[in-house]
Amino acid sequence: MDMEEIVMEVRGLRKVYDGFELKDISFTLPKGYIMGYVGQNGAGKTTTIHSILGLLNREGSICIDGCSFEEDEVMYKEKIGFVRDECYFPSNFIMKDIVRIMKQFYVTFDETIFYEYIRRWKLPEKKKIDSFSKGMKIKLMLSTVLARDTKVLILDEATAGLDPISRDEVLEILQDYIKDGDRSVFFSTHLMEDLEKIADYIFFIHNGQQVFFDTKDALIMDYVLVKGGFEDAGHESLKRAVHIQKSKVSFEALIKKSDLDQTKHSFLVEKVSVDDVVTHYMKKLNEDPLYC
Amino acid sequence: MNIKRMLQFTEIDTKITIIQVKTLVVFTAIAIILSIGMKQPTWAVIYMGFGSLILSTTPFAYDSKIENGFLALLPAKNSERIGGRYLYFLGMVVLGFTVGILAMLINVLMGIEVTKMDGIVTMLAFGGIILFGSLQMLVFYQFGKHVGQQLIGIIRLVPGLLFFVGMNAMNGLIRQRDPQMKTVMTHLFQYRVALTIGFVIVSVVVFILSIAIANRICQNRDLD
Chain A
1 MDMEEIVMEV RGLRKVYDGF ELKDISFTLP KGYIMGYVGQ NGAGKTTTIH SILGLLNREG
61 SICIDGCSFE EDEVMYKEKI GFVRDECYFP SNFIMKDIVR IMKQFYVTFD ETIFYEYIRR
121 WKLPEKKKID SFSKGMKIKL MLSTVLARDT KVLILDEATA GLDPISRDEV LEILQDYIKD
181 GDRSVFFSTH LMEDLEKIAD YIFFIHNGQQ VFFDTKDALI MDYVLVKGGF EDAGHESLKR
241 AVHIQKSKVS FEALIKKSDL DQTKHSFLVE KVSVDDVVTH YMKKLNEDPL YC
Chain B
1 MNIKRMLQFT EIDTKITIIQ VKTLVVFTAI AIILSIGMKQ PTWAVIYMGF GSLILSTTPF
61 AYDSKIENGF LALLPAKNSE RIGGRYLYFL GMVVLGFTVG ILAMLINVLM GIEVTKMDGI
121 VTMLAFGGII LFGSLQMLVF YQFGKHVGQQ LIGIIRLVPG LLFFVGMNAM NGLIRQRDPQ
181 MKTVMTHLFQ YRVALTIGFV IVSVVVFILS IAIANRICQN RDLD
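In the order they appear, the protein sequences are chains A and B. Going by the numbering used here, the first sequence opens with residue 1, and the numbers climb by one from there. Going by the numbering used here, the second sequence opens with residue 1, and the numbers climb by one from there.
Treat the hints as calculated values from the structure; they're not laboratory data. Fair warning: there could be bad hints in the mix.
[Stated by the list, open to error] Here are the simulated distance ranges between beta carbons:
{"id": "1", "chain 1": "A", "residue 1": "N57", "chain 2": "B", "residue 2": "V202", "range": "29 to 39 Å"}
{"id": "2", "chain 1": "A", "residue 1": "F20", "chain 2": "B", "residue 2": "A29", "range": "47 to 57 Å"}
{"id": "3", "chain 1": "B", "residue 1": "L135", "chain 2": "A", "residue 2": "T279", "range": "53 to 63 Å"}
{"id": "4", "chain 1": "A", "residue 1": "E70", "chain 2": "B", "residue 2": "T115", "range": "51 to 61 Å"}
{"id": "5", "chain 1": "B", "residue 1": "L161", "chain 2": "A", "residue 2": "L290", "range": "53 to 63 Å"}
{"id": "6", "chain 1": "B", "residue 1": "G153", "chain 2": "A", "residue 2": "P289", "range": "38 to 48 Å"}
{"id": "7", "chain 1": "A", "residue 1": "N286", "chain 2": "B", "residue 2": "K22", "range": "51 to 61 Å"}
{"id": "8", "chain 1": "A", "residue 1": "D176", "chain 2": "B", "residue 2": "L135", "range": "44 to 54 Å"}
{"id": "9", "chain 1": "A", "residue 1": "N57", "chain 2": "B", "residue 2": "G153", "range": "28 to 38 Å"}
{"id": "10", "chain 1": "A", "residue 1": "K134", "chain 2": "B", "residue 2": "G153", "range": "21 to 31 Å"}
{"id": "11", "chain 1": "A", "residue 1": "K126", "chain 2": "B", "residue 2": "V139", "range": "31 to 41 Å"}
{"id": "12", "chain 1": "B", "residue 1": "N2", "chain 2": "A", "residue 2": "S258", "range": "48 to 58 Å"}
{"id": "13", "chain 1": "A", "residue 1": "I94", "chain 2": "B", "residue 2": "I201", "range": "36 to 46 Å"}
{"id": "14", "chain 1": "B", "residue 1": "V205", "chain 2": "A", "residue 2": "I94", "range": "32 to 42 Å"}
Cβ atoms here follow ideal geometry from the backbone N, Cα and C, with glycine treated the same way.
Let's have the full structure, built from the sequences with the hints guiding it.
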């Protein structure tokens with residue numbers, strides 16, 4: 001892929017902590033796309049994000065729109081918009097304090113656009129941040145980010161605390177953000193329905209390692225769910241299943257279409273959702289950490 | 001290093017800690033009352049030095065993992081952020097010192113004599129604040145991340161107390177009537193200006209070194 005078509009490139013990202021290691025994470029995010037970054041708690045999602053943000057000393061290379069942190073730290077940070085699940089603004093600040101900081105530091109910050117969002121979401125301008133609800137805080141962070149000219153929007157579980165209407169609103173905003181084809185979104189989430197709605201790429205991380213990275217459409221096309229009676233769970237056609245979930249009376253198996261011999265069984269075969277794929281992989285990896 | 005960005009970080013630190021900054025008023029009142037009550041104008045400067053040293057580390061007490069992340073994300077170098085915090089410290093020092101001088105002037109207006117020795121002690125106090133403060137900043141940069149917020153509140157008092165006790169001891173030494181000490185002091189007194197200026201210069205050098213070392217400490221440290 002041409003470098004000019006890529007908004008974020010991560011190569012060989014590695015970070016070692018006591019008892020945890022992020023191992024050789026690599027991916028490219030093309031311009032105009034949304035990438036979902038999924039994994040269990042403690043899988044390494046936030047470590048990856050903090051590495052991209054330049055908050056951690058790490059190995060490997062990370063480029064945002066052709067610029068690396070090491071080459072030009074200031075320009076690198078200008079290109080990133082970050083929203084997380086907890087508000088990062090000082091709690092005793094009010095709106096005008098935040099606007100002042102944003103104007104001082106960010107060259108492209110547009111106060112008019114910022115206040116458009118503030119008024120749209122009816123966020124109080126004279127109250128201290130610590131009096132805001134969780135949803136209001138996330139909208140405030142989003143307002144500051146959307147009022148800047150960034151290349152990539154990074155969200156770390158940002159939609160988790162929102163009510164369904166607000167969440168839908170945010171997802172719509174993310175889709176608007178990438179419309180010009182020059183910007184992309186990278187978001188980590190536990191909410192599979194968000195991924196189903198808007199993600200173009202899915203990266204699944206487990207225990208610091210990449211499990212898979214593919215387009216959402218390819219995942220949905222490549223896998224199927226096979227269902228049948230409990231007694232058939234060991235059927236030979238399911239030998240290469242990723243994971244078989246058994247209950248007292250039935251089973252459900254995730255398997256690649258190419259690994260399923262359709263002629264050898266009469267099970268129910270269904271289309272998968274992203275949630276199905278991710279959940280089965282998570283369960284498999286919890287049972288067998290060396291699976292991938 | 002961009003001085004403008006450093007000052008912007010200083011402004012952020014000031015805004016975050018504004019409630020505590022306002023307690024300078026209380027320190028001022030106590031300084032004035034003490035110096036008038038003790039009939040020693042230098043008490044004001046020494047006490048304000050104590051207050052400045054405590055207040056100058058307030059940003060460390062307010063540091064939170066989450067807000068730190070925001071500050072670290074601002075498009076500026078980490079060295080500028082550290083520089084901004086040192087400027088905050090200097091600002092507290094200058095503010096405290098200025099108030100101390102004003103308190104001394106109030107002493108003069110109230111008819112309390114201010115001698116040349118008071119001038120020397122004042123300059124020594126200024127140098128002492130810079131020296132103690134530079135070292136305490138380093139301690140906070142080196143260990144502050146690993147210490148809980150409540151412990152930080154206690155640790156913040158220590159350098160200020162050491163300065164206060166040390167300066168008062170020195171003040172007493174300079175003025176005491178013990179014949180042996182008086183001989184030593186009289187001998188040193190001949191070089192009072194040079195010694196004082198030398199002490200201030202050393203303090204400023206330590207201040208600059210402290211910034212460089214703090215940058216080195218933070219260079220390979222994770223910011224989250």
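Going down the list of hints, with the structure as the test:
no. : hint                          : verdict
1   : A:N57 <-> B:V202: 29 to 39 Å  : holds (34 Å)
2   : A:F20 <-> B:A29: 47 to 57 Å   : holds (52 Å)
3   : B:L135 <-> A:T279: 53 to 63 Å : holds (55 Å)
4   : A:E70 <-> B:T115: 51 to 61 Å  : holds (58 Å)
5   : B:L161 <-> A:L290: 53 to 63 Å : holds (57 Å)
6   : B:G153 <-> A:P289: 38 to 48 Å : holds (43 Å)
7   : A:N286 <-> B:K22: 51 to 61 Å  : holds (53 Å)
8   : A:D176 <-> B:L135: 44 to 54 Å : holds (52 Å)
9   : A:N57 <-> B:G153: 28 to 38 Å  : holds (29 Å)
10  : A:K134 <-> B:G153: 21 to 31 Å : holds (28 Å)
11  : A:K126 <-> B:V139: 31 to 41 Å : holds (39 Å)
12  : B:N2 <-> A:S258: 48 to 58 Å   : holds (57 Å)
13  : A:I94 <-> B:I201: 36 to 46 Å  : holds (43 Å)
14  : B:V205 <-> A:I94: 32 to 42 Å  : holds (41 Å)
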